[in-house]
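Trainee: Sequence:
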Amino acid sequence: MYQTPEDRPIYRLLTGQDDRAFCERVSEALAQGWRLYGSPTISWDTAENCMKAAQAVVWHEADVVK
1 MYQTPEDRPI
11 YRLLTGQDDR
21 AFCERVSEAL
31 AQGWRLYGSP
41 TISWDTAENC
51 MKAAQAVVWH
61 EADVVK
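Residue 1 is where the sequence shown starts when you use UniProt numbering, and the numbers rise one by one after that.
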């Protein structure tokens, strides 16, 4: 099995408000060894009146088929 930081699953979906903090979370994951999986997605959250974003990442050693 693969050893990921903090024993996380090899697939993660990062979500949050589409702002600098979200971009920094994705950047941090990439710096730790995760890699992007697919395209990001954004959607307007009417309840919170803001844009929300999501980006999937997978552990760099994982053999994941798209």
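I should point out that these hints are in silico values taken from the structure, not numbers from a laboratory. Don't take each hint at face value.
What the hints assert, rightly or not - Distance ranges between label pairs, derived from CB positions: (1) Ala47 x Arg20: 18 to 26 Å; (2) Pro9 x Thr46: 16 to 24 Å; (3) Gln3 x Glu48: 12 to 20 Å; (4) Gln3 x Ile42: 30 to 38 Å; (5) Cys50 x Ser27: 33 to 41 Å; (6) Tyr2 x Met51: 13 to 21 Å.
Just so it is clear, CB atoms sit at the ideal spot from N, CA and C, and this is done for glycine as well.
Trainee: Could one say that the CB atoms of Tyr2 and Met51 fall in the range 13 to 21 Å?
Mentor: violated, 33 Å
Trainee: Note whether the CB distance of Gln3 and Glu48 lies within 12 to 20 Å or breaks it.
Mentor: Distance hint for Gln3, Glu48 is violated at roughly 36 Å.
Trainee: Do the beta carbons of Ala47 and Arg20 sit within 18 to 26 Å of each other?
Mentor: holds, 22 Å
Trainee: Given the range 30 to 38 Å, decide if the beta-carbon distance of Gln3 to Ile42 lies inside it.
Mentor: Between Gln3 and Ile42, where Cβ atoms are some 32 Å apart, the hint holds.
Trainee: Is the gap between the beta carbons of Cys50 and Ser27 within 33 to 41 Å?
Mentor: Once the Cβ atoms are compared, 20 Å apart, the range 33 to 41 Å for Ser27 and Cys50 is violated.
Trainee: Given a hinted range of 16 to 24 Å, is it respected by the beta-carbon distance of Pro9 and Thr46?
Mentor: violated, 30 Å
When the structure is compared with the earlier hints, violations turn up for hints 2, 3, 5, 6 and for no others.
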